[in-house]
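K.L.:
In the order they appear, the protein sequences are chains A and B.
With my numbering applied, the first sequence closes on residue 259, and no number is skipped along the way.
With my numbering applied, the second sequence closes on residue 359, and no number is skipped along the way.
Don't read these hints as lab results, they were simulated from the structure.
Check before you lean on any hint, since a few could be wrong.
To be verified - Keeping only pairs whose Cα atoms sit at most 16 angstroms apart, straight-line, the calculated EDC-like set for lysine to aspartate or glutamate is: (1) B:K324 / B:E359; (2) B:K270 / B:E248; (3) B:K217 / A:E171; (4) A:K251 / A:E171; (5) B:K222 / A:E171.
Everything numeric in this text was worked out from a predicted model, so none of it was measured.
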Amino acid sequence: MTDKGKDRFAKKVFARPGSLVDVKSHFCPGCHHGIAHRILAETIDHFDLREKTVGVACVGCAVFLYDYIDVDVAEAPHGRAPAVATGVKRAQPDKFVFTYQGDGDLAAIGTSEVIHAANRGENITVLFINNTTYGMTGGQMAPTTMLGQKTSTSPYGRDFRKDGYPIKMAELLATLEGTAYSVRVATSTPAQIRKAKEAVKKAFEMQIKEMGFSIVEFLSTCPTNWGMKPLDAQKRVLGEMSEYFPLGVYKERKQADFL
Amino acid sequence: MAVSVGARVEQRVFMKGNEAICVGAIAAGCRFYYGYPITPQNDIPEYMSAHMPPIGGTFLQAESEVATINFLLGTSASGKRVMTSSSGPGISLMQEGLSYMAGSELPAVVVNISRSGPGLGGIAPSQGDYFQAVKCGGHGGYRMPVLAPHSVQEMYSLSMLAFDLADKYRNPAMILGDAIVGQMKEPFVQTPYVSTVSQEKPWALTGCAGRPRQHVKSLYLKDNAIEVHNWKLHRKYLRMQEEEVRYEDYHLDGANIAVVAFGTAARVSKTAIQWARREGIAAGMLRPITLFPFPGAQVDEVARRVDVLLVIEMNTGQMLEDVKASTTCHDKIRFLGKPCAMPTPEEIHGALRKLAGRE
């Protein structure tokens, strides 16, 4: 091998992001929390924010964020992360503040907190992991559970006459004046992961430029509670989930504005 | 107006109790106030909304008391002194957050200007929230210092003390007032705030520059970590009981009738005791200033040397249970309850005369 060839192989092209802690993941095979964590860590590194970030983790599988991301993290009661993040950001406006929440957390018990944080134009960033179920507690019906989806508390399938409809948070939050950026992404293909990372970058930029509230909704998987093999879970995201929860940007503020 | 006290000139101001709490908080360095409207404590958020911005402080009205207490959690985790105020129904909504803050060892001051209950109850003054405050209404078993002011002067001074206790123990602290002591106006001396505790907060989440990352949390899943954590918290509560008991001895020397009352009920009792003493009735009062830690040893000591212990509360008997638990002299205990209203000096005076065999 020539010296030139050696140099070529010596060049590092892929590495663990500095903000991602080097520990074994406890998440189930096929779960997308790991992908979202990596995107989060890469973006923190991209903007060199590790030492000025405070994260807020919520109740559910999302709570273990602090085991994986090498930043200061506060734990919030179920659904209250946007309120806790508000308290952090108001006290430390110079810090980068994000929440990381699941769909039971953000779209059921925490709807009030997320809507009012968005409506205040709270200058925080929310990463919202939607896997259409309560993962940690054993796969119960969530507000995001698809019609007909069988869960441990909708054993006959979700029926809109009884349980209403899957709630579309990215669209809902986009209607609020205080929201600067609302987007839905997925992470089931390499191309989608690249797009998701661009969306998270954009959401970070919104906070850095003090534009207001930003949210990235991830369509995620829960093969364990869906009773699916990981590859089938990807197909579900790309199929029926993306049909009902369309990917895309629902709001993007171009400049800090006031009505 | 300025009055001369010895060589010093101290500032006397005429204010509502609710406003005096705010003045004390600001003097103690609190620059973050969050709240949600509820009667009879609206003077507090109104005062803070006007007075925080000019001193660089933050006032923010939340969408609910649930959000409020979590704003507190976030600001406290950031290492800042922070407070809220509410009344019974709102304090109920804060119980979840208080449990999390106790579990996460976060200091904050929570003021309850209590009203009558249960449920929507009414806006009349009440001491019906004693159990909720003292036994702690949130889940999991925790304690917090509970201070019971009986004057506007104490609304000011105990507000400052609450911040110190919260920081000393890394724990929420509560001021339990009521509609009377909140709405009452009287002069008080604005004694300067002298900090008794360190305000260094190396545990605060300020971004991990130059140090390893740290967490503020109450979840402990591994091994017996939660058991270890519970014993650690328990030792803290024991330390509060050893170091923080506060009470007023009001004419107890030589008394054979001792009133035990706190807050507004104690304030009214003072007048009745003065009337009784003018008639030669040897009445006095043990007034708990800290409801937790409760001055149980003092209650027992007084109970042993008096003929009658008259517990007076604006409820149907809540502190009464703590009095009974503090002493074996149960046959000496009498109770005067006035749920959801202020007992008049005449009522208490009448009770004292009766106990002294004057009627």
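K.L.:
Identify every previously stated hint that the structure contradicts and give their numbers, smallest first.
P.N.:
Numbers 1, 3, 5, in rising order.
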